[in-house]
Amino acid sequence: GAVVSQHPSWVICKSGTSVKIECRSLDFQATTMFWYRQFPKQSLMLMATSNEGSKATYEQGVEKDKFLINHASLTLSTLTVTSAHPEDSSFYICGITGGETYGYTFGSGTRLTVV
Amino acid sequence: GDSVTQMEGPVTLSEEAFLTINCTYTATGYPSLFWYVQYPGEGLQLLLKATKADDKGSNKGFEATYRKETTSFHLEKGSVQVSDSAVYFCAQDMNTGFQKLVFGTGTRLLVSP
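Order-wise, the sequence lines are chains D and Z. First residue of the first sequence: 50, per my numbering; consecutive thereafter. First residue of the second sequence: 1269, per my numbering; consecutive thereafter.
In short, the hints are calculated from the structure, not lab data. Be aware that a few hints might be false.
[Said to hold, decoys possible] The calculated lysine-lysine pairs, modelled on DSS-like cross-linking and capped at a C-alpha distance of 25 Å, are:
| hint | chain 1 | residue 1 | chain 2 | residue 2 |
| --- | --- | --- | --- | --- |
| 1 | D | Lys-90 | Z | Lys-1368 |
| 2 | Z | Lys-1320 | Z | Lys-1368 |
| 3 | D | Lys-104 | D | Lys-115 |
| 4 | Z | Lys-1324 | D | Lys-113 |
| 5 | Z | Lys-1368 | D | Lys-104 |
| 6 | D | Lys-63 | D | Lys-115 |
| 7 | Z | Lys-1336 | Z | Lys-1324 |
| 8 | Z | Lys-1368 | D | Lys-115 |
| 9 | D | Lys-104 | D | Lys-90 |
| 10 | Z | Lys-1336 | Z | Lys-1320 |
| 11 | D | Lys-63 | D | Lys-104 |
| 12 | Z | Lys-1336 | Z | Lys-1368 |
| 13 | D | Lys-69 | D | Lys-104 |
| 14 | Z | Lys-1368 | D | Lys-69 |
| 15 | D | Lys-115 | D | Lys-69 |
[Stated by the list, open to error] Derived Cβ-Cβ restraints for the label pairs, each shown as a range:
| hint | chain 1 | residue 1 | chain 2 | residue 2 | range |
| --- | --- | --- | --- | --- | --- |
| 16 | Z | Gly-1309 | D | Glu-136 | 17 to 27 Å |
| 17 | D | Ser-132 | Z | Asn-1363 | 29 to 39 Å |
| 18 | Z | Ala-1321 | D | Glu-136 | 23 to 33 Å |
[Unchecked claim] Residues of chain D clear of chain Z, computed beta-carbon distances all greater than 10 Å:
| hint | residue |
| --- | --- |
| 19 | Gln-78 |
| 20 | Glu-101 |
| 21 | Ser-103 |
| 22 | Glu-112 |
| 23 | Ile-142 |
| 24 | Gly-152 |
Idealized CB from N, CA, C, for every residue including glycine.
So that you can see chain Z by itself, here it is in the shape it has in the complex:
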């Protein structure tokens, strides 16, 4: 069935390091893809999204490009900060036109000073 797979964490980085969190998906058709962030004890916040192939979503220095040929949507940031420490979830809407959302297992990012 349709799913999302993302790299296991935790990912531990020093401040100003480059971040990549891998995400791949399986789907019928062309789903919309998302990255959400969850800070400790809080709900989910949309970080960025892409709705069609080759789209690049970006926000707060984070970027991800919808790659249809590799069914991937990897999250990147050139220079992480301590405040970026959180859990990051990749998600897709299973080509339902924003009517259903399934998540990957989440990747915890820990950034040290």
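For reference, chain D alone in the conformation it holds in the complex:
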């Protein structure tokens, strides 16, 4: 199956700064990647679907200007949390889909703490 690498695994940043999280598909050309946010009571929320070479599709209620997603190649998607605030602290998980053959594969997640 596909392998997904997500970096960093954890990051601490100051309020007002921006943080970039990378999601790489190591052995599969991923046309579509996903970004999820996990809230403290474990619920996983789909934030956006990242499409290679085009704009990401954001779910309702997710701020596009706050959470910038770039999917410039078939192996890399990035999520940038801009002007981070403590309420952005969360666990962010990326994933790819390889269709029915390979299914969905997820990265190991990034723990973001904004202080």
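Position chain Z relative to chain D; hints supplied.
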């Protein structure tokens, strides 16, 4: 809209007990259904899946059967181990052909020796 509902946890069991975690879905058409497991501090791992009605997914002693008539995909295991302690997520692809995945709220399982 299309969604997944699973039982609230935590589910607390003794080792070797029988496990059931209920999951139901609402969808247009026939989505593929999944169970994922998340161990503390880690990402998501696929546990099992089923892509059509009456399919049974199985892995590591866990099983789930795609029941179209009851729109359910309950997770079962005959004898749990302490190492099974984790959060379990039911998910569906909303009949998008593996192009979108939505999750239930997750159920924490705690197994004591």
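(message) Flag every earlier hint the structure violates by its number, smallest first.
(response) Result: hints 4, 9, 11, 18, 23, 24 break, sorted rising.
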